[in-house]
Structures are given as C-alpha cells and as structure tokens.
Amino acid sequence: MSQSLARFIIGGAIVSAFAIIGDVLKPKSFAGLFGAAPSVALATLAMTIVSDGLSYAAIEGRSMMAGAIAFFIYASLVSRIMMRYKFRAILVTLCLIPVWLGVAGGVYYLVWVR
Amino acid sequence: MMRIQVNFSTLRQTRWHDYAVRFIFGGLITALAGIIARKFGPGIGGLFLAFPAIFPASATLIEKHEREKKESHGLKGEARGRSAASIDAAGSSMGSIGLFFFALVVSQFLARDRAWIVLGGATALWLGVSVAVWQIRKAL
Numbered sequence: 001m002s003q004s005l006a007r008f009i010i011g012g013a014i015v016s017a018f019a020i021i022g023d024v025l026k027p028k029s030f031a032g033l034f035g036a037a038p039s040v041a042l043a044t045l046a047m048t049i050v051s052d053g054l055s056y057a058a059i060e061g062r063s064m065m066a067g068a069i070a071f072f073i074y075a076s077l078v079s080r081i082m083m084r085y086k087f088r089a090i091l092v093t094l095c096l097i098p099v100w101l102g103v104a105g106g107v108y109y110l111v112w113v114r
Numbered sequence: 115m116m117r118i119q120v121n122f123s124t125l126r127q128t129r130w131h132d133y134a135v136r137f138i139f140g141g142l143i144t145a146l147a148g149i150i151a152r153k154f155g156p157g158i159g160g161l162f163l164a165f166p167a168i169f170p171a172s173a174t175l176i177e178k179h180e181r182e183k184k185e186s187h188g189l190k191g192e193a194r195g196r197s198a199a200s201i202d203a204a205g206s207s208m209g210s211i212g213l214f215f216f217a218l219v220v221s222q223f224l225a226r227d228r229a230w231i232v233l234g235g236a237t238a239l240w241l242g243v244s245v246a247v248w249q250i251r252k253a254l
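Going line by line, the protein sequences match chains C and A.
For the first sequence, counting from 1, position 91 maps to 91 in this note's numbering; every step adds exactly one.
Whatever position you read off the second sequence (first residue = 1), add 114 for this note's numbering.
So that you can see chain C by itself, here it is in the shape it has in the complex (with noise of 0.2 Å):
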C-alpha cells in the first residue's frame, strides 16, 4: 500500500513536469512530443530498481517498446481522426485507448510469448 502511494506521489510529480513543459513550448506540434515522454517509465523503472532490481526493471523496458509502437499507432489515429472528423478530443482519446491495448498486447505475444 504505502509503495502503491510512494509511486502515485512520485509518478503524479513527475507526469505533471512533463506536461508542464509540453504546455509553454511552441509550435504545438513541437510540444506534442512532451505528450510521449518517459514520465510514467522514469517514475516507475525509479520505484522497481529500489524494490525488485536492476534485471526486473530491465524487462519491464523490454516490453515497454511494444507500448511505445502502441502509443505511435495511437497517437497517429488521434491525429487523423481528429483532424478530418469533428468529434471531441475527450471522445476521440478514450474510446481509442482500446486500440493502444491491443497493439501492445498484441506486439508482447508476437514477440515475446508466441
């Protein structure tokens, strides 16, 4: 429980600097690419060295580039969509989120468990 907080603490701090950049740079598009910085992985990967080791954190950054494909495929279709269709961006970014699941999901099994 207290390890589960330690990460919200540190992992909220860290998201939120992160996107604190990203909103005073411009172009906007320039700023996007804060949208995918490694805040989750370093405030996590941060918490897993300390708890389980350097091996464990290693393979959890294996995966996490089956993720990082997920979330170019994700992040281009938000684009798309969002730039031909008129529909909300709180729409858009949610009911796309399945679609990241599976990439992921799908890219780990071809990979690394088929």
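What the hints contain is simulated information worked out from the structure, not anything from laboratory work.
Please read all numbers here as calculations on a predicted model, not as lab measurements.
Some clues are possibly wrong.
[As the list claims (entries may be wrong)] If you want the ones that stay clear, here's a sample from chain A, every Cβ over 12 Å from chain C, calculated: (1) 161; (2) 186; (3) 226.
[Unchecked claim] Computed spacing ranges between beta-carbons, pair by pair: (4) C/95 <-> A/228: 39 to 45 Å; (5) A/193 <-> C/94: 19 to 25 Å; (6) C/101 <-> A/222: 35 to 41 Å; (7) A/227 <-> C/109: 28 to 34 Å.
Note that CB positions come from ideal geometry on N, CA and C, so glycine has one too.
Dock chain A against chain C, hints included.
Coordinates of chain A only, in the frame set by chain C:
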C-alpha cells in the same frame, strides 16, 4: 527553420483542477503499472510504462484553450481547438519514436550498467530522437 519558443503565459490559462487531473492520472497509472507488474509479472507490467496516461487530459486541455482563445475574439473556435489537439497528437506520435529508443536502451543496458547513467542517457536519447524526427518531419 521553425523557431521553438517558450511562452509562460499559457500557464496562467491553466486552472488548478487541470493540473490536479494530470497529477492524478499520472500517479494512478504509475501505481497501476506497479500493481500489474506484481500480479502478472514485469513483461505485462512493462507495457504500461508507455501507456498514454495523461494524453486524453492534455488533448482536451489544448482543445479547450484554443477554442476559448478564438471565442474570446468573437469567433467560432471548434475547428481551431480540434486542429490544435490534432497537431499536438502528431507531435506525440513523433515523441513515441523517441520513447521506443528509451525503452531499447533501458532493456539493453539497465541490468549491467549504473542505473542513473542508463536512465539519464535513455532520457537524453528520447529527447534527441524525438527532436530529430520532428525536425525531419518539418523539413519534408
């Protein structure tokens, strides 16, 4: 070449609950990644290190800011808001290429090198790759 600018006035447009939402989402997904790794192992848990945790909140915030900016001049801001959120998402897709290289460095070097050097180097590589991809995209 396009100039990169820093504009602190945008921070005044952001309300405290917008910061709170991003803090809570960021914190929750970090805590959740730990819980998932504990329950299903580091392979599954690691996927969530690249979860678009605050993406919906950030995109909504950008859309709202741009819409309000346009509407304050008496104009319709719907299309402007959508366009800004779309451009931001395109930037994030470029940043995710850097994120892949971050993960690659962590997976290859973390188990045998000093953690702070690997994490610092991987973060620098994320930024370097992301900026390079952005510049190439702008040049095309």
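Range hint compliance [Cβ, residue 193 of chain A to residue 94 of chain C, 19 to 25 Å]: holds, 21 Å
Non-interface label on residue 161 of chain A, tested against every C-beta of chain C at 12 Å: violated, 4 Å
Cβ separation of residue 227 of chain A and residue 109 of chain C, checked against the hinted range 28 to 34 Å: Distance hint for residue 227 of chain A, residue 109 of chain C holds at roughly 29 Å.
Outcome for the supplied range 39 to 45 Å, where the beta carbon pair is residue 95 of chain C and residue 228 of chain A: holds, 42 Å
Beyond 12 Å from every chain C Cβ - status for residue 226 of chain A: Violated, because the least Cβ-Cβ distance between residue 226 of chain A and chain C comes to about 8 Å, which does not exceed 12 Å.
Whether the CB-CB distance between residue 101 of chain C and residue 222 of chain A falls inside 35 to 41 Å: violated, 26 Å
Consistency of the no-contact label for residue 186 of chain A, given chain C and a CB cut of 12 Å: holds, 18 Å
Checked against the numbered hints above, the structure breaks hints 1, 3 and 6 and satisfies the rest.
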